[in-house]
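> Letter by letter, the chains look like this.
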Amino acid sequence: MEVQGFGVLSLLVFLPVAGALAASFVPRNLLGFHRWWALLISAFTLFASLQLYVGFSGNTFHFQWREGMDWLPALGIRYQLGVDGISLWLILLTSLISFLGIWFSFHVRERVKEFMIWLLILEGAMIGVFCALDLVLFYIFFEATLIPMYFLISIWGGKNRVYSSVKFFLFTFLGSIFMLVAIVALYFISKAATGEGTFDLIALQALAADGRLATGPIEMWLFAAFALAFAVKVPLFPVHTWLPDAHTEAPTAGSMILAAIMLKMGTYGFLRFAFPLFPDAAVQAAPFLMGLSVVGIIYGAIMAAVQEDWKRLVAYSSVSHLGFVMLGIFSLNHNGLTGGTLQAINHGISTGALFLLVGMVYERTHTRLFQDYGGLKRRMPMFATLFLLIMLSSVGLPSTNGFIGEFLAMLGAFQAGANANSAIPLWMPVLAGAGVVLAAVYLLWMFQKVFYGPIRNPVVNRLRDIRPWEQAVAWVFVVFVFWLGLYPKFFTDKMQTSLNAVRHQTLQPPGARPAWADVRTIDINANGDVVVVQRDDLNDLGRWTEVAVRTPSGHQPQRLAMRGGEE
Amino acid sequence: MEFITTPHAEHLPDPVFHWAWLILLAPIVGFLFQAALGRRIELALGKTAGRRLLGFAAVVPVAAGFILSVLLAVRLAGMDEHSRLVITSWFPWIDLQTLLVPFELRLDPLSLTMCLIVTGVGSLIHVYATGYMADDGDYSRFFTYFNLFIAFMLMLAMGNNLPLVFIGWEGVGLCSYLLIGYWYHDIENAKAANKAFIVNRIGDWGFALGIFLLYWVYASNQDLLPLGERRYLSFDVILPLAEQVLAGYGPLIVSVIPLLLFVGAVGKSAQWPLYLWLPDAMAGPTPVSALIHAATMVTAGVYLVARTHVFFELSTLSMAVVAGIGAFTALFAATVAFGQTDIKKVLAYSTVSQLGYMFLACGVGAFGAGMFHVTTHAFFKALLFLGSGAVIVAMSHNQDLRKYGNLRKYIPITCWTMLIGWLAIAGIPPFAGFWSKDEILASAFFSNLVQTPQILWFIGWVTAFLTAGYMTRMMMLTFYGNGERWRTAEAHAHADHSQEHFHADHGAQGEHDLAYFLTDDEVRAIEEEEHEHHHGLTPEHEPREVLPSMWVPLVALAALSLVGGAALSGLNPFAHLLGVHIPHLFEAWNHPSVGLSVLDEASAFRESIAIEWALIGASIGAAVLGIGLFARRYIKGLPESEAEPQGLQRLAGEQWLYDRTMVRLFVDAGGKFANAFYRIFDSGIIDGIFVNGSAKLVGAMGLLLRRSQTGSVRFYALAIAVGVVFALSYVIYTTTR
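Protein chains in written order, with the working numbering: chain A, 21 to 587; chain B, 346 to 1082.
None of these hints come from the bench; they were simulated from the model.
Heads up, the beta-carbon is just placed ideally off N, CA and C, and yes, glycines get one too.
It cannot be assumed that every hint is accurate.
Stated by the list, open to error - Residues on chain A that point at chain B, a partial pick, calculated with CB under 10 Å:
id, residue
1, T405
2, M430
3, N439
4, N441
5, G453
Stated by the list, open to error - Sample of chain B residues with no beta-carbon within 10 Å of chain A, all distances over it, derived:
id, residue
6, F362
7, G516
8, Y522
9, I532
10, K536
11, D549
12, I871
13, G966
14, D1004
15, D1032
As the list claims (entries may be wrong) - Cut-off 25 Å, straight-line C-alpha distance, at most; resulting in silico cross-link-like pairs (DSS-like, lysine-lysine):
id, chain 1, residue 1, chain 2, residue 2
16, B, K754, B, K1017
17, B, K754, A, K469
18, A, K509, A, K179
19, A, K469, B, K536
20, B, K536, B, K981
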């Protein structure tokens, strides 16, 4: 089941990096080469990542495409990669957005070589974040994404780029330093528990599943350290102020990647690390973090409504939209988790596309202020149509992707709030609904200011509609908007089992939590029950035989007495 | 495609019901056709021939849907009345272990009634629009939105689960938004469009919460549902079990469910306090006002209430709220209509008021009467709007009643058809409005759901009087009076919406000039084409009758307004009172979906024939009184005092200051608050004090990082790099050892 050495995932991580390395030896004046080379590499990465989907089985919560080897055995650090139903989609999203971002970056004319190299390195690092199964490895990838993005903003950014890039870097770096401390602490805790320290997520989670990792205040502190790092990335109110600056000043491809993928590192971090490793703390902190999410939803929307800068408005809308993701996953039921995870992908599509489209016009007019626009629909009807379609997905119109995510996330939060014994107050999901109203307010105002009314600016009066290749990039996004909106089953089918695992890992009492380490015995069936299973074939992840259902659906799960080597 | 299911399996339903999907798909195909090929066809075939083809292509899918709907309705009517329910489902939309939402259509009398109205009246209005929009600059864009609207509206009417209804619900809202802002060159139209969408979204917030609550209730009562059922939001699962499932809940939840659904209905159907968007929505082209903002979309709220009536019936509180809001809105909007000077605004408030009637009917338990009024109102209000459109066209797009007068001489067909619509809405027998309005009033009088329902009846009666009044005012000012007021009035200052002409700065535009920017010649050519030749209304203007494509639909709707009500009601209540047994066709058809008429249950009704005659007399009397009083006032033309509305009339016209207050309170003050909040809190406190402040603090303290913030980042980058180097050297060290 585990490939010793390198496999597909390593290819996905290191192909872009190797491409960047190779490009660094080519003279910088060969602009065409650098552009096409980066596009080729990212296209190949995209193609290779599709293989993950094809071979992925939605019937197990265990990591697939696993590969690993000892890296620093003396310190218990392993090079270990794998994907499950949550990270699968984020990796696919990463390779897609990176490809489209590089494609659109053909318009960049300054220091093309460096630009493409940084984008490729960034792509590799981001894929690494989503498949690393060792905490140190994860941390390295997590931090490694900062460097290329820092340079992308500070070199190719707008007028205020230095301030923004520094702010971006400091915020995220300071947030994650505490996580590093917590990671080291986990090593010592695991050493105390088993005699052998480890950074292996699977091993650590097996301890957490038995309640042997960290409990009480220590667990709370460790959770807080992880949560801070991820909250900054998401970003949650009030640690969000780096986002508008960074998104606004970044070059178009940078904004797209920041919004579409780097914010998802935060929500992913909660699902992958914070929940399974510190389940009790996560449950305790859920009402607080959901409260912050609701504040962020409303707050981000109000802030978006008063912006006079087109791109900054889109940036603030991210604060609001990511609130729904957090609301969904912290409601810790199946609807909410699915909705939150879908919404993370949706936001990548919608907001990535919004930044792309804003970038197309900015490229022509070099202004982002609403006062310089008006009547754009007259000169750019095709662009206006594409923008409208993407905007509607951001508004959350039913039949677009935005609706499915928000609907399920709010449904989950409502369910969590409505249950009498829940710690989550009902006003949270109710108030979050105001965010949907406000989304219509700021997005329609934006559309009106830019596209409707008379043309006021002579530059706008002379604009040509966008060119076919630009349309092509945008249409890719539109296809995903309606694919996700009308047939989300395609995406949720391979997600459900992994989300059930996270849910049970977080909510079950110690001993009954499914552990990734228990390859032989415990899994989760299509109804979301923890079951004991037997595999026919160790190499065929799709074929499982159910032996016994341990938690009948709809009832409180029973404590599992035995785990581990049970057959 | 699977799978027709029916709860009454002894009848194997006809596979013809699969064709319901075609009703839905036809306008979608039409929409895609217009969107993808509209402009190209117009360019290829030329304006005249191209538009003829496009207009034809826009009407056909809707008309085909109507034919199919008739076919299905006939089939369904042929079935036993208790098995008139067929569900046909396609592929799953949301499919989770905790929720299944398939694409599934529900065919029952109620949904087919809506289908017949939407496609029937819809195709007439489509025909009309091919004439109305003939000279517009953007023909195919109009029909793109128009066909899409039909598709969403049918989804709303036929969807068998709440999320599907919600697709239609917000989808029609989107089309409404796009069509109100259709003439987007004028920023005011765009603002009206925004207002419509945003106010509707407030209602949708409530609707969505209602869906969540229903889900929670049904998902926590799995043992009452069929084994393994995951369609917690499908009507065929939730409606039959409503009483059983809600029996376990207190009055709070039982009342909150219908009230939340009603919040959605209040938004979509423009009831107080959310009606604000509908008058502004008149900024759209007139066919839009007729189809979306009178005949179909705004009745969706009534449809929703009728569809989920079992939940309303479980809570008398919710019924009282529905009836109260409906009655109040009916009266309120009727008064506001007196103060309007714009012909379309009069009709807009009239629509709000009539919708109030429909909710009044629902609130007293007469869901069938409410739906009956939806139907007759679709006939006569579409007629009145289309007629007003013909007037507007004849009057060079001037909508001011004060500039009209004596138009019957110039546009006789429009005049005669609108007269029928006028008598229908006023409630004069035998025109359509009388039958449904009388049924609502009688139901209100005899309702046993609320205490002293006679108050509701009285409000409805006063509203009937006012309705006859303001409609008479509108008709008299338009078609009667000896003065042709546009001839005497000073030339109307025509607002020219064409854009200012720019003298573009031809300075450096970089290397991508041709790829990104138009040349001077191209700009000139486009501006030439864009310049619209609107002629204002001048004293020399001679109004002319509209084209046949516009008056033929008027005549058809006039025929429906003339006989539609009498035919559908089987001349009841007269037939009943005179002892002749003619079935009430509409009720006989619809009652399996919406329950029996209140009148059938009210025993008092049977006992006293005198009261019944008195009620009929009162409702005819109100109409006659309203017409008589106001015809006297306006038959000679515009009274001098109304050149500019004064006093009470003016106050009424300004919606008793309600709209202005709301705008001040929420838009202006809210905007100021948000702006201040942004500057003080986000930029000032969080960013200014905490972020930058602490950065400065660190900067001041740091001995190593003295120079600047940039320096500190480089330092961090360096630190990471050094760290990585150390780690790598450690790897090399351990592996080579």
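> None of the hints should be skipped; say for each whether it holds.
Against the structure, the hints come out as follows:
Satisfaction of the interface hint for T405 (chain A) is found here, the shortest Cβ-Cβ separation to chain B being roughly 8 Å, below the 10 Å cut-off. Taking 10 Å as the C-beta cut-off, the interface hint given for M430 (chain A) holds, the closest approach to chain B being about 7 Å. With a least beta-carbon distance of about 8 Å to chain B, the hint placing N439 (chain A) at the interface is held under the 10 Å criterion. Taken as an interface hint, N441 (chain A) does not check out: its beta carbon lies about 12 Å from the nearest beta carbon of chain B, beyond 10 Å.
Below 10 Å, beta-carbon pairs count as interface contacts, and G453 (chain A) has one with chain B at about 4 Å; its hint therefore holds. The claim that F362 (chain B) is not at the interface with chain A holds, since no C-beta of that chain comes within 10 Å of its own (minimum 23 Å). At roughly 7 Å from the closest C-beta of chain A, the C-beta of G516 (chain B) falls inside 10 Å, breaking its exclusion from the interface. Consistency note on Y522 (chain B): stated as away from chain A, yet its beta-carbon is not over 10 Å from all of that chain's, at 8 Å minimum.
The beta carbon of I532 (chain B) is not kept farther than 10 Å from every beta carbon of chain A, the shortest such distance being approximately 4 Å. Not every CB of chain A is more than 10 Å from the CB of K536 (chain B) (nearest about 7 Å), against its label as outside the interface. The claim that D549 (chain B) lies off the interface is violated: its Cβ sits roughly 8 Å from the closest Cβ of chain A, which falls inside the 10 Å cut-off. Not every CB of chain A lies more than 10 Å from the CB of I871 (chain B), the least distance being 8 Å, so the non-interface label is violated.
For G966 (chain B), the non-interface assignment is confirmed: its Cβ lies about 45 Å from the closest Cβ of chain A, beyond the 10 Å cut-off. With 10 Å as the threshold on Cβ separation, the claim that D1004 (chain B) sits away from chain A holds: the shortest Cβ distance comes to roughly 18 Å. With 10 Å as the threshold on Cβ separation, the claim that D1032 (chain B) sits away from chain A is violated: the shortest Cβ distance comes to roughly 5 Å. Simply put, K754 (chain B) and K1017 (chain B) have alpha-carbon atoms about 53 Å apart, too far for the 25 Å limit, and the pair is violated.
At most 25 Å may separate the alpha-carbon atoms for a hinted pair to count; K754 (chain B) and K469 (chain A) exceed this at roughly 45 Å. Note on K509 (chain A) and K179 (chain A): the hinted pairing is violated, with a Cα-Cα distance of about 44 Å set against a maximum of 25 Å. At most 25 Å may separate the alpha-carbon atoms for a hinted pair to count; K469 (chain A) and K536 (chain B) meet this at roughly 10 Å. For a cut-off of 25 Å, the pair hint linking K536 (chain B) to K981 (chain B) is broken: about 38 Å separates their Cα positions.
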